[in-house]
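Protein chains: 4
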Amino acid sequence: MDEPLIILNFKTYREVEGARAMELARICERVASETGITIAVCPPAIELSRIASEVEIPVLSQHADISRSDPRTGSVTIPGIKATGAVGTLINHSERRLNLADIEDLVRGCREAGLVSIVCTNNVSTSLAAALTGPDYIAMEPPELIGGDISVTSADPGIVKGTVVGISRVSPEVKVLTGAGVKTGEDVRVALELGTVGVLLASGVVKASDPGKALISLCSGISK
Amino acid sequence: MDEPLIILNFKTYREVEGARAMELARICERVASETGITIAVCPPAIELSRIASEVEIPVLSQHADISRSDPRTGSVTIPGIKATGAVGTLINHSERRLNLADIEDLVRGCREAGLVSIVCTNNVSTSLAAALTGPDYIAMEPPELIGGDISVTSADPGIVKGTVVGISRVSPEVKVLTGAGVKTGEDVRVALELGTVGVLLASGVVKASDPGKALISLCSGISK
Amino acid sequence: MDEPLIILNFKTYREVEGARAMELARICERVASETGITIAVCPPAIELSRIASEVEIPVLSQHADISRSDPRTGSVTIPGIKATGAVGTLINHSERRLNLADIEDLVRGCREAGLVSIVCTNNVSTSLAAALTGPDYIAMEPPELIGGDISVTSADPGIVKGTVVGISRVSPEVKVLTGAGVKTGEDVRVALELGTVGVLLASGVVKASDPGKALISLCSGISK
Amino acid sequence: MDEPLIILNFKTYREVEGARAMELARICERVASETGITIAVCPPAIELSRIASEVEIPVLSQHADISRSDPRTGSVTIPGIKATGAVGTLINHSERRLNLADIEDLVRGCREAGLVSIVCTNNVSTSLAAALTGPDYIAMEPPELIGGDISVTSADPGIVKGTVVGISRVSPEVKVLTGAGVKTGEDVRVALELGTVGVLLASGVVKASDPGKALISLCSGISK
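Protein chains in written order, with my numbering: chain U, 1 to 224; chain A, 1001 to 1224; chain R, 2001 to 2224; chain S, 3001 to 3224.
One or more hints might be untrue.
One-sided excerpt, in silico: chain U residues whose CB lies under 7 Å from chain S [what the hints assert, rightly or not]:
1. R97
2. L100
3. A101
4. N122
5. L128
6. A129
In silico negatives: residues of chain U with every beta carbon more than 12 Å from chain A [as the list claims (entries may be wrong)]:
7. G36
8. I57
9. R111
10. E112
11. G114
12. V116
13. G134
14. E144
15. K161
16. R169
17. P172
18. T184
19. E186
20. G195
21. G212
22. C219
Think of the hints as simulated: they come from the structure by calculation, not from any bench. Beta carbons are placed, not taken as given, at the ideal position from N, Cα and C, and that holds for glycine.
Produce the entire structure from the sequences given, and follow the hints as far as they go.
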């Protein structure tokens, strides 16, 4: 995925049930095309294959359970994600936390499958720890700011900076995304200024009265 | 769903990754059409919407996490399942067990959403307990027989009979399905003879060298 | 355990850490002796053996993980509880919910070990379901009332009555306890009047400025 | 705790139920006294307080759930462990894995409470990740070797060495313990030679016909 990038986590909001997930993915596709900025989407699990097979922008799974094709009813596997045409997955989102051994196994599974891995973390210390498992990205999201109106870049720029600097020391090939509370183009601009390569957000677009307009506003924080 | 019925759980076998899930669903659709027997399919979570939107046979989710449209990254919600066009969901499969409060909440959520609920259980006692939460079906599957070559109808017909009789006493409107190890038309015939209204199976068809042939063989146990 | 009975769940409040757990157990022992009423205690897991080996009143575990003596680091086993001298265990407390198969297995494990089993539930439907696994007691505690100041007997006497009547139909040998929000002797009196054989409570005594006085007040609701 | 050290995880084996836990702790105490070598014990959760209050050797919890004194029925808290007189806890044992955020929170909780934290891990990559959360010790135990007869020091000395070297680079103040399959004095000797400061073991002593003799044999691998 080209950077800087905006990753939109659809979560399981009412606004993205059924056909509305595809509609939002199409809006993202259109804004990405108009602005030239990378916008990736994480639809609800049960919409993944359908959306991955139809849109031209990068599609990511919200979660993975296991790295292999084992029969596990109700689970999401790395080879299954790969086979949908999705390009990667979030791992360890704060609403779906995983144990450390599984995080490491899933990151390795992504690498072997040629999928992008984005490990979500909650503070500087867990970000550095997760970075040592070797994912492509760390998305740092203090849980108290998720779904709120204040971006982590305003509430506590120090922990974003601390994560970027810390990871550059222990695992320099891992890139950092800013999560939690991102709402405006200014939030995106500051996120990039702090050394992260993009943002991961949800409610700011999914719950917006005009998601396309909200996305364009976010894109305005990225100078092309 | 008309009864008797055959429910095919695709699990997350390698054989049903990506486009192969749709191929297997199409085979089920064809055999259902040819035989006139109800065949429902449970594709992997990430293939659910795509398959539900394309095939004419009943499609079920393998699992549900929550009954409402709450934002929960990586989860499967009842309203989300409904919105895909799927007609119901398995709940509490032995590979994805749920706590009792969640089983009851999900069964109620299915009822309110107009979805079919099938609660999987592991023995007579848990079957009767689960029946009291009011699902449409109980699918009794002794875990030691799942994925094996011996049907529960051969290994222990008494526990199938015990489940049917017990449920008819405590919650007579709940119907029973036979699970675990079903492989042949004879297994299906005995399952119906024991008072269950159909079967829930996975490997017997998914791993078969010719899934269509395996399905036709199963259907032969049902007299039309 | 003789009935009516008062069961005090110590939870893991600061007030019951270390030696304070024993002090509270001693207070319960004294009030039980003075009033002639059965008072059972559920100390924190890590205090169980110490308290069970020293007090004369019934001691229960707050939780059990597995029914057998399998090596499982950090878990609580039924044989392990038995060996401490405790007389039983809570199962499926709302703060430590278990899947249905485990509830059933633990209830059976208690029966085989000669331990009292108390399954905690959250509404009428789950109470009836859990009763069919055959425990000695069901303790019905609507989670929204736990830790609060309004007893379930005041907030919703209908669900207590509904649980008692429902269980008497489906599994008449199972007795019912009233949980959630019990604070006063009057709460206890109403709990017994509604057909339950006792109460399960925590904060009303553990957080009281004078736990002995709080217990005596509760006992006043029981006529001897 | 003085090093080198031997940590004995009692798990929940039948051999350590009830009074037998104290007997084994006394044997450890005697051998520690006779040999002058540090032997720490991790009794079953429900025996923790009793043993911590009676023996003179270091006692550790097998597990912790939360870092604060929140009311959580059936859980083990850091302040609760501290109040028993135990000196620390295992965290994230492979039989009780925790999510990354909880590992980090518990390690910090131990530090603030003055407790020793030992995070168990399953390979080099998770060891380095866990080390960045700042525990006192990492105990690396490949799960496939746990409970077996071949020590990790024989089966794969490279991953022990890799863990020691890797941690010395990213988090040099964190010490490493060798786990999984340790049985003999020679295993202990090699564990120390590879740069770890001690061993964590269970079945080799708990299941031994003569645990005292097994311990003395282990101690023979440590030159005083």
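Taking the hints in turn, this is what the structure says about them:
The interface hint given for U/R97 is met, as the beta carbon of that residue sits about 4 Å from the closest beta carbon of chain S, less than 7 Å. The criterion of a C-beta within 7 Å of any C-beta in chain S is met by U/L100, whose closest approach is roughly 5 Å, and the hint holds. Interface hint status for U/A101: upheld, as the beta-carbon distance to the closest one in chain S is roughly 5 Å, under 7 Å. For U/N122, the interface hint holds, since its Cβ comes within 7 Å of a Cβ in chain S; the closest pair sits about 5 Å apart.
Below 7 Å, beta-carbon pairs count as interface contacts, and U/L128 has one with chain S at about 5 Å; its hint therefore holds. Satisfaction of the interface hint for U/A129 is found here, the shortest Cβ-Cβ separation to chain S being roughly 4 Å, below the 7 Å cut-off. Annotated as non-interface, U/G36 keeps its C-beta farther than 12 Å from every C-beta of chain A; the closest such distance is 28 Å. With a cut of 12 Å on Cβ distances, U/I57 stays outside the contact zone with chain A, its closest approach being about 18 Å.
Look at U/R111: its CB is around 18 Å from the nearest CB on chain A, clear of 12 Å, so calling it non-interface holds up. Separation of U/E112 from chain A is adequate, the least Cβ-Cβ distance of about 15 Å exceeding the 12 Å criterion. The non-interface label for U/G114 is consistent with chain A: the shortest C-beta to C-beta separation is roughly 14 Å, beyond 12 Å. For U/V116, the shortest C-beta to C-beta distance to chain A comes to about 16 Å, beyond the 12 Å cut-off, and the non-interface label holds.
Non-interface call for U/G134 relative to chain A: holds, since the shortest CB-CB distance, roughly 21 Å, exceeds 12 Å. U/E144, annotated as away from the interface, keeps every beta carbon of chain A farther than 12 Å; the closest lies near 15 Å. Non-interface status of U/K161 relative to chain A is upheld: no Cβ of that chain comes within 12 Å, the nearest being about 26 Å off. At roughly 29 Å, the least C-beta separation between U/R169 and chain A is larger than 12 Å, which holds for a residue marked as non-interface.
At roughly 28 Å from the closest C-beta of chain A, the C-beta of U/P172 stays outside 12 Å, upholding its exclusion from the interface. Its beta-carbon lying about 20 Å from the closest one in chain A, U/T184 satisfies the requirement of being farther than 12 Å from that chain. The claim that U/E186 lies off the interface holds: its Cβ sits roughly 24 Å from the closest Cβ of chain A, which is beyond the 12 Å cut-off. The Cβ of U/G195 lies farther than 12 Å from every Cβ of chain A, with a closest approach of about 25 Å, so its non-interface assignment holds.
At the 12 Å boundary, the C-beta of U/G212 stays outside the reach of chain A, the nearest C-beta of that chain being 20 Å off. Remark: the non-interface label on U/C219 is consistent with the geometry, its nearest Cβ contact in chain A lying 23 Å away (cut-off 12 Å).
The structure is consistent with each of the numbered hints, conforming to all of them.
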